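Novice: Could you slot chain B onto chain A? The hints should help.
There are 2 protein chains.
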Amino acid sequence: MSQTIKIALLGAGTVGSGVVETLSMNADIITGRAGAAIEIKKVLVRDAKKYRPALEGLTLTDNFEEILNDPEIAVVVEVMGGRTPAKDYMMRAMAAGKHIVTANKDVIAEHLSELYAAADENGVDFLYEASVGGGIPIIKPLKECLTANRITEVMGVVNGTTNYMLTKMTEKHISYDAVLRRAQEKGYAEANPSADVDGLDAARKAAILASLAFDTVVGFKDVSVEGISHITEDDIEYGLNLGYVIKLLAVGRDTEDGLDIRVHPVFLPQTHPLGSVSGVFNAIFVRGNVIGDVMFYGRGAGSLPTASAVTSDIIEIVRDIVSGTTGRMKYKIGEKKKLCPLEKTKSSYYLRLVVADEPGVLGEIAATFGRADVSLKSVIQARRTEDGHAEIVAVTHVVPHAAASAAVKALEVLPVVREVRSLIRVADGREDTL
Amino acid sequence: MSQTIKIALLGAGTVGSGVVETLSMNADIITGRAGAAIEIKKVLVRDAKKYRPALEGLTLTDNFEEILNDPEIAVVVEVMGGRTPAKDYMMRAMAAGKHIVTANKDVIAEHLSELYAAADENGVDFLYEASVGGGIPIIKPLKECLTANRITEVMGVVNGTTNYMLTKMTEKHISYDAVLRRAQEKGYAEANPSADVDGLDAARKAAILASLAFDTVVGFKDVSVEGISHITEDDIEYGLNLGYVIKLLAVGRDTEDGLDIRVHPVFLPQTHPLGSVSGVFNAIFVRGNVIGDVMFYGRGAGSLPTASAVTSDIIEIVRDIVSGTTGRMKYKIGEKKKLCPLEKTKSSYYLRLVVADEPGVLGEIAATFGRADVSLKSVIQARRTEDGHAEIVAVTHVVPHAAASAAVKALEVLPVVREVRSLIRVADGREDTL
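Chains as they are written, first to last, in full-length UniProt numbering: chain A, 1 to 434; chain B, 1 to 434.
For reference, chain A alone in the conformation it holds in the complex (with noise of 0.2 Å):
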């Protein structure tokens, strides 16, 4: 076994120097499943000459072209993030012939197809396990275990960031401002919080899903999103009273009316298999139409997870080289397929009104429902407010998106309902839409 390949990582921070520490703690036993030695020969750093404990005896260069014209570099491990300029340095090495490695959801969401043509054409290996889920299988999964499905549903808990601070905020019944605080100190949330708390990450990780699951091409800009900058403590538990844990989700549906692709906070029965994916956790629920419902679990993010993610992928594509078979994975992705407008998805929701607290009021709520053609699960007066009002939660039957938003607005109107404070979608039961 005297074969070595080498590979070139772009980018050292917090994944690429997971798969420095993974390729040397576990060399041997990679060196025995890959086929052979995987050396790194080179590093794309930012500042070749900052000194960087860990990646002590590698080369550094900052100069890409360093190892675009490297014959010897047979795979290129793209771990730097963001769109710019990684997407181009990917599509240069693949046009060099050179295999690639990504854990870069930002470029999957908005550019897999281009990047499938590249990797196609070039006749190159291109795989991408850690853009979604850190370490957790699920994109080969998708790709290649799941085939004999037409998969009707993905959802997933897909950012640790928020699953955390919903986590929290369940746990110690904490405000959301509070929380953030907390996410922010412990490093969990960044100083600008948006990508996560609005769901912007969910969003591009819900789209890589869709786009597989359901073998099309599914954008970012095709997924509706709705963070949890909303959410507030007593809806969290009002909701545990219900029997309902609160998650943001990335759900990807195949509706009759067309996809349905979706990132927004849920409120899941405590006993689903989703419901129990606390702190930084992620987990992807697939519906298939043949094996029913799978659960793929583990860390969502982090150096050593995301690493194994991606150092597995160099491996899978090593033995493709050792066996002369690279190349011969399909990199062909189906048509766009037509979206289901927001206004047609269906879900049962959760609201909680403000009203005047008199006789009355909650009949006459239930009748603004009915006018909107919304039918109630269930409908309780939660508790008297400290200035004189009482708080009455809801929750309906499964209805289209455009009847809740209607009842709200009649519910907005009437002269007893002071507020519509919140309105939360609701899983109910494991064969229900969302």
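Be careful, since some hints might not be right.
Unchecked claim - Below 20 Å or equal to it, Euclidean Cα-Cα: the simulated EDC-like pairs (lysine to aspartate or glutamate) are:
#1 Lys41(B) x Glu65(B)
#2 Lys143(B) x Asp320(A)
#3 Lys337(A) x Glu335(B)
#4 Lys336(B) x Asp28(A)
#5 Lys168(B) x Glu185(B)
#6 Lys338(B) x Asp28(A)
#7 Lys330(B) x Asp28(A)
#8 Lys336(A) x Asp28(B)
#9 Lys332(A) x Asp28(B)
#10 Lys330(B) x Glu21(A)
#11 Lys172(B) x Glu233(B)
#12 Lys332(B) x Glu412(A)
#13 Lys338(A) x Glu185(B)
#14 Lys332(B) x Asp373(A)
#15 Lys337(B) x Asp28(A)
#16 Lys49(B) x Glu66(B)
#17 Lys330(A) x Asp28(B)
#18 Lys143(A) x Asp28(B)
#19 Lys143(B) x Asp28(A)
To be clear, the hints were calculated from the coordinates, so they are not data collected in a lab. These figures come from a predicted structure and were not determined experimentally.
Specialist: Structure of chain B alone, referenced to chain A:
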């Protein structure tokens, strides 16, 4: 896309008819993904003359030679089950250059290295995803997605029958005998339930999982096995009060004393990811030194779920045939590794004792544990029994099995101890050993 790949099924029982249904129901999507149409040319059955509505339109034969000698048949799908003649048929089919998909855990658990050698020698593909966990992707993830990891532990709820029984005993507080009758009535348990309730089925799966996780050959005979027939509803109830839920687990651990491969009931914390795997669902939990903890969850049995794995394996082989890359997979398995003797395996233990209901007994018992070098996490007098005795429940810290056994022996000869009624392993917290 005019190519058609012809396959043969050996067996048309539960799994085989699921494969027939899947290939028909999802024909368009499967053809697209495989890159060729898949046609079932022949089905081996015991009696080709018996009418089977599910096989309408298919060519049946009761003569294996007809399949073996048909040069058009590229893939043989073994779904007949049992060791004989399934293994012999697979070996002969590989010698004839045919690729194999099998769902046969009995054969895989005992003959994996022989089958691998035959696949390697004949340059054919050999896939067996359905042999563990029904439809759940676990074999391919272990072989291809977690390759960057040194896997230290794999444990799973891999037998749906016993999990259904333990779940019902927990939910309804009914006896083992009552739940077994119910499982038999529902068709979940066989008239002779031994393979399930004595842990033999789970032990085969433990052997397969351990072989893959630890790059070695683990056979069925290398697994220490304990079934569930001694589990009582009282122990389950006491466990619940301590925060535990009971599962029959297949466990494989790579320890400094060797590989520790076992099947036995375990009290898991209710918050453990495997703790919420209920009814006929299965899940496999893997711990790697890079990824940390990861879990795969889904339906572990049944016609269609198992057919999902079998058919996805068929699709993978067809892709290889279309791209001319069959034989690319590595069919090498490492050397046999040392096994950890049962006495050296470590775990926390739950014990239930029936004792004289008199002062000082608790202290005497605690002292006896101490003399056997078993430190206790808790010991409580659980209740008085009707015949004037008392029940004591003790939970130990993590100790070698030898020490726990010595403690039991010492307790059994204590005059105040009437009986050591139960000894059940406890996995207390994620970082613990079992």
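Novice: Now, for every hint given, state plainly whether the structure supports it.
Specialist: Going through the hints against the structure:
no. : hint                  : verdict
1   : Lys41(B) x Glu65(B)   : 14 Å, holds
2   : Lys143(B) x Asp320(A) : 14 Å, holds
3   : Lys337(A) x Glu335(B) : 50 Å, violated
4   : Lys336(B) x Asp28(A)  : 17 Å, holds
5   : Lys168(B) x Glu185(B) : 14 Å, holds
6   : Lys338(B) x Asp28(A)  : 19 Å, holds
7   : Lys330(B) x Asp28(A)  : 17 Å, holds
8   : Lys336(A) x Asp28(B)  : 17 Å, holds
9   : Lys332(A) x Asp28(B)  : 16 Å, holds
10  : Lys330(B) x Glu21(A)  : 26 Å, violated
11  : Lys172(B) x Glu233(B) : 9 Å, holds
12  : Lys332(B) x Glu412(A) : 68 Å, violated
13  : Lys338(A) x Glu185(B) : 47 Å, violated
14  : Lys332(B) x Asp373(A) : 63 Å, violated
15  : Lys337(B) x Asp28(A)  : 16 Å, holds
16  : Lys49(B) x Glu66(B)   : 16 Å, holds
17  : Lys330(A) x Asp28(B)  : 17 Å, holds
18  : Lys143(A) x Asp28(B)  : 16 Å, holds
19  : Lys143(B) x Asp28(A)  : 16 Å, holds
When the structure is compared with the earlier hints, violations turn up for hints 3, 10, 12, 13, 14 and for no others.
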